[in-house]
Amino acid sequence: MKDEKIVIIGSSVAAISAIETIRSKDKKVKITVITKDKEISYSKPLISYLNISKEQFYYRDKSFFSRNDVKMFISEAIRIKNNSVILKDGKDIEFSKLLLAVGGKPIVPNNIKGICGGNVFTLTNFDDASKIKKYAKNKKSCLIIGCGMIGIKAAAFLKELGLKVTIVELMNRPFGSVLDEVSGKMVADEIRKNTKLYLNTSVTEIREKECVISNGERVFVDLVICAIGVTPNQDIAKKSGIKADKGIIVDSQMMTSKKNIFAAGDCASAFDILKGENRAIPIWPIAYKQGSIAGDNMIGINTKYEGGFVMNSVDVFGLPIITLGLSSEIGDEEFVNYDEKNRKYKKYIVRNDRIIGAILIGDIDRAGIITGLIKDKVDVSNFKNGLLKENFGYIYVPKKYRSKEVIPVEI
Numbered sequence: 057m058k059d060e061k062i063v064i065i066g067s068s069v070a071a072i073s074a075i076e077t078i079r080s081k082d083k084k085v086k087i088t089v090i091t092k093d094k095e096i097s098y099s100k101p102l103i104s105y106l107n108i109s110k111e112q113f114y115y116r117d118k119s120f121f122s123r124n125d126v127k128m129f130i131s132e133a134i135r136i137k138n139n140s141v142i143l144k145d146g147k148d149i150e151f152s153k154l155l156l157a158v159g160g161k162p163i164v165p166n167n168i169k170g171i172c173g174g175n176v177f178t179l180t181n182f183d184d185a186s187k188i189k190k191y192a193k194n195k196k197s198c199l200i201i202g203c204g205m206i207g208i209k210a211a212a213f214l215k216e217l218g219l220k221v222t223i224v225e226l227m228n229r230p231f232g233s234v235l236d237e238v239s240g241k242m243v244a245d246e247i248r249k250n251t252k253l254y255l256n257t258s259v260t261e262i263r264e265k266e267c268v269i270s271n272g273e274r275v276f277v278d279l280v281i282c283a284i285g286v287t288p289n290q291d292i293a294k295k296s297g298i299k300a301d302k303g304i305i306v307d308s309q310m311m312t313s314k315k316n317i318f319a320a321g322d323c324a325s326a327f328d329i330l331k332g333e334n335r336a337i338p339i340w341p342i343a344y345k346q347g348s349i350a351g352d353n354m355i356g357i358n359t360k361y362e363g364g365f366v367m368n369s370v371d372v373f374g375l376p377i378i379t380l381g382l383s384s385e386i387g388d389e390e391f392v393n394y395d396e397k398n399r400k401y402k403k404y405i406v407r408n409d410r411i412i413g414a415i416l417i418g419d420i421d422r423a424g425i426i427t428g429l430i431k432d433k434v435d436v437s438n439f440k441n442g443l444l445k446e447n448f449g450y451i452y453v454p455k456k457y458r459s460k461e462v463i464p465v466e467i
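All letters in the sequence shown, in the order written, are residues 57 to 467 by the numbering used here.
Among the clues, some could well be false.
[Said to hold, decoys possible] In the DSS-like style, the derived pairs of lysine-lysine whose C-alpha atoms are separated by at most 30 Å in a straight line are:
{"no.": "1", "residue 1": "K61", "residue 2": "K169"}
{"no.": "2", "residue 1": "K83", "residue 2": "K127"}
{"no.": "3", "residue 1": "K220", "residue 2": "K314"}
{"no.": "4", "residue 1": "K241", "residue 2": "K220"}
{"no.": "5", "residue 1": "K94", "residue 2": "K83"}
{"no.": "6", "residue 1": "K456", "residue 2": "K440"}
{"no.": "7", "residue 1": "K144", "residue 2": "K252"}
{"no.": "8", "residue 1": "K61", "residue 2": "K86"}
{"no.": "9", "residue 1": "K397", "residue 2": "K433"}
{"no.": "10", "residue 1": "K193", "residue 2": "K127"}
{"no.": "11", "residue 1": "K161", "residue 2": "K315"}
{"no.": "12", "residue 1": "K169", "residue 2": "K147"}
{"no.": "13", "residue 1": "K137", "residue 2": "K314"}
{"no.": "14", "residue 1": "K249", "residue 2": "K94"}
{"no.": "15", "residue 1": "K265", "residue 2": "K187"}
{"no.": "16", "residue 1": "K161", "residue 2": "K302"}
{"no.": "17", "residue 1": "K302", "residue 2": "K265"}
{"no.": "18", "residue 1": "K94", "residue 2": "K161"}
{"no.": "19", "residue 1": "K315", "residue 2": "K299"}
{"no.": "20", "residue 1": "K252", "residue 2": "K127"}
{"no.": "21", "residue 1": "K314", "residue 2": "K252"}
{"no.": "22", "residue 1": "K299", "residue 2": "K86"}
{"no.": "23", "residue 1": "K302", "residue 2": "K433"}
[Unchecked claim] Here are the simulated distance ranges between beta carbons:
{"no.": "24", "residue 1": "E333", "residue 2": "K294", "range": "17 to 23 Å"}
{"no.": "25", "residue 1": "G297", "residue 2": "V392", "range": "25 to 31 Å"}
{"no.": "26", "residue 1": "N138", "residue 2": "E362", "range": "47 to 53 Å"}
{"no.": "27", "residue 1": "S80", "residue 2": "P376", "range": "17 to 23 Å"}
{"no.": "28", "residue 1": "I451", "residue 2": "D291", "range": "48 to 54 Å"}
{"no.": "29", "residue 1": "P376", "residue 2": "P454", "range": "27 to 33 Å"}
FYI, nobody ran anything at the bench for these hints, they're computed from the structure.
Backbone N, C-alpha and C fix where the C-beta goes; we use that ideal spot for every residue, glycine too.
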């Protein structure tokens with residue numbers, strides 16, 4: 057690998073993982089990172105926890121890149137031409153292997169009048185979080201567009217600051233893509249104890265001190281956070297002739313449609329073991345795994361990505377929620393326990409005697425076991441009737457599946 061030049065665009069978890077994997081096996085290959093982030097090696101899942109200190113954001117220290125002999129360019133990559141990355145300032149960075157770890161970008165609807173106003177923010181990176189915290193000082197009210205993972209965490213922080221928070225959600229329930237109707241109502245009731253929540257509603261116009269919503273009401277607010285979600289950042293791939301469709305399409309080696317160019321993390325469309333097709337799954341553990349596999353393959357070690365599935369974990373004003381897999385789909389069988397009094401809900405969706413999805417609210421202790429059962433497609437026909445029992449655990453699982461190597465205890 058003496059003459060190899062590895063270039064990585066991006067500096068978040070997929071990039072970090074690739075660097076760690078490469079350096080654990082090759083100390084000499086040249087590595088260059090191109091990033092437009094001024095703050096690097098910070099945890100993006102923590103961004104929406106606006107109440108933590110700057111130091112708590114970092115999961116690698118500031119010497120990480122220098123210790124690993126990585127050359128840095130704080131700039132924006134705008135195009136890939138032949139075996140070079142063209143930067144915004146005109147520089148050409150040559151590569152023999154390239155990793156696109158460019159993450160996702162916020163979804164901002166263009167049909168809302170005033171969406172580009174100075175009081176409107178997105179929340180996907182460190183700079184966004186800093187701007188919101190600064191702007192929110194001495195403000196009284198906030199409206200959040202979207203009741204998903206990002207929006208609800210931001211709502212909790214802003215409420216702590218003393219702001220009156222209003223959430224507007226287009227769907228008929230919070231976390232609409234991962235919760236069913238029963239759990240959605242349960243979570244909506246919890247949110248309404250803490251903030252104003254509009255469902256089946258959209259924002260039609262944003263003004264300096266108010267928002268107009270689709271039911272005709274006007275909500276007086278000082279700032280607006282657009283937290284609809286993120287979409288894979290595939291701009292540079294498309295400009296460069298790399299195949300992309302709701303994510304940069306990769307094979308099991310994390311290689312794109314162009315030889316020697318790889319993609320990993322939130323920008324990549326890789327194999328989903330439950331859907332049986334490629335899709336982007338923007339979660340931290342998968343980004344780390346994909347980055348490591350890309351790192352191996354960039355230095356000639358043939359490693360394959362087995363695939364992943366969606367996992368979400370969030371705390372809604374003290375109510376813990378975990379969803380796994382195809383949690384809002386219909387299965388052959390559904391095992392449900394709803395304890396309204398104690399704010400607990402469990403649902404396991406089974407198809408062809410395999411768990412394909414789960415919703416855990418209030419009691420999330422068995423999430424690790426269920427994750428393993430889904431991941432390894434374990435036949436649950438002999439113990440599925442025990443899934444809802446209070447003492448459900450490894451004792452119910454066939455002996456050959458009890459090792460930690462097969463069933464992880466943590467998500």
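Do the hints match the structure? See the list:
Of the supplied pair hints, the one linking K61 and K169 is violated, its CA atoms being roughly 46 Å apart against a limit of 30 Å. Taking the CA atoms of K83 and K127, the gap is near 14 Å; set against the 30 Å cutoff, the hint holds. With a C-alpha separation of about 50 Å, the suggested pair K220 and K314 falls outside the 30 Å cut-off, and the hint is violated. Under the criterion of a C-alpha separation no larger than 30 Å, the hint pairing K241 with K220 is consistent with the structure, at around 22 Å.
The straight-line distance between the Cα atoms of K94 and K83 is roughly 26 Å, inside the 30 Å bound, and the hint therefore holds. Between the alpha carbons of K456 and K440 the distance comes to roughly 17 Å, so the proposed pair stays at or under 30 Å and holds. Only pairs whose Cα atoms come within 30 Å are accepted, and K144 paired with K252 is rejected, the gap being roughly 43 Å. Proposed proximity of K61 and K86 is supported: the alpha carbons are some 5 Å apart, at most 30 Å.
Among the hinted pairs, K397 with K433 is inconsistent with the structure: their alpha-carbon atoms are about 33 Å apart, more than 30 Å. Under the criterion of a C-alpha separation no larger than 30 Å, the hint pairing K193 with K127 is inconsistent with the structure, at around 38 Å. For the proposed pair K161 and K315, the alpha carbon gap of about 25 Å is at most 30 Å, so the pair holds. Pair hint K169 plus K147 does not hold up; C-alpha atoms about 38 Å apart against a cutoff of 30 Å.
Straight-line distance between C-alpha atoms of K137 and K314 comes to about 12 Å, which keeps the hinted pair within the 30 Å bound. For a cut-off of 30 Å, the pair hint linking K249 to K94 is broken: about 38 Å separates their Cα positions. A C-alpha spacing of about 18 Å is found between K265 and K187, which places the hinted pair at or below 30 Å, so the restraint holds. Only pairs whose Cα atoms come within 30 Å are accepted, and K161 paired with K302 is accepted, the gap being roughly 12 Å.
With a C-alpha separation of about 35 Å, the suggested pair K302 and K265 falls outside the 30 Å cut-off, and the hint is violated. Distance check on the hinted pair: K94 and K161 sit about 16 Å apart at the alpha-carbon level, within 30 Å; holds. Distance restraint check for K315 and K299: the Cα-Cα separation of roughly 12 Å lies within the 30 Å cut-off, and the hinted pair is therefore satisfied. Taking the CA atoms of K252 and K127, the gap is about 48 Å. The hint is violated against a cut of 30 Å.
The suggested pairing of K314 with K252 is violated, with an alpha-carbon distance near 49 Å, which exceeds 30 Å. Between K299 and K86 the CA atoms are separated by roughly 27 Å; this keeps the pair inside 30 Å, and the hint holds. Among the hinted pairs, K302 with K433 is consistent with the structure: their alpha-carbon atoms are about 26 Å apart, no more than 30 Å. Evaluation of the 17 to 23 Å hint for E333 and K294 yields a pass: the beta carbon distance comes to about 20 Å.
At about 48 Å, the beta-carbon gap between G297 and V392 misses the expected band of 25 to 31 Å. Checking the proposed 47 to 53 Å range against N138 and E362 shows it is violated: the Cβ atoms sit about 33 Å from each other. About 35 Å separates the C-beta atoms of S80 and P376, a value inconsistent with the hinted range of 17 to 23 Å. For the pair I451 and D291, the supplied restraint of 48 to 54 Å holds, since their beta-carbon distance comes to about 51 Å.
Taking the beta carbon of each, P376 and P454 are about 28 Å apart, inside 27 to 33 Å as hinted.
Hint check: violations occur at hints 1, 3, 7, 9, 10, 12, 14, 17, 20, 21, 25, 26 and 27; the rest are consistent with the structure.
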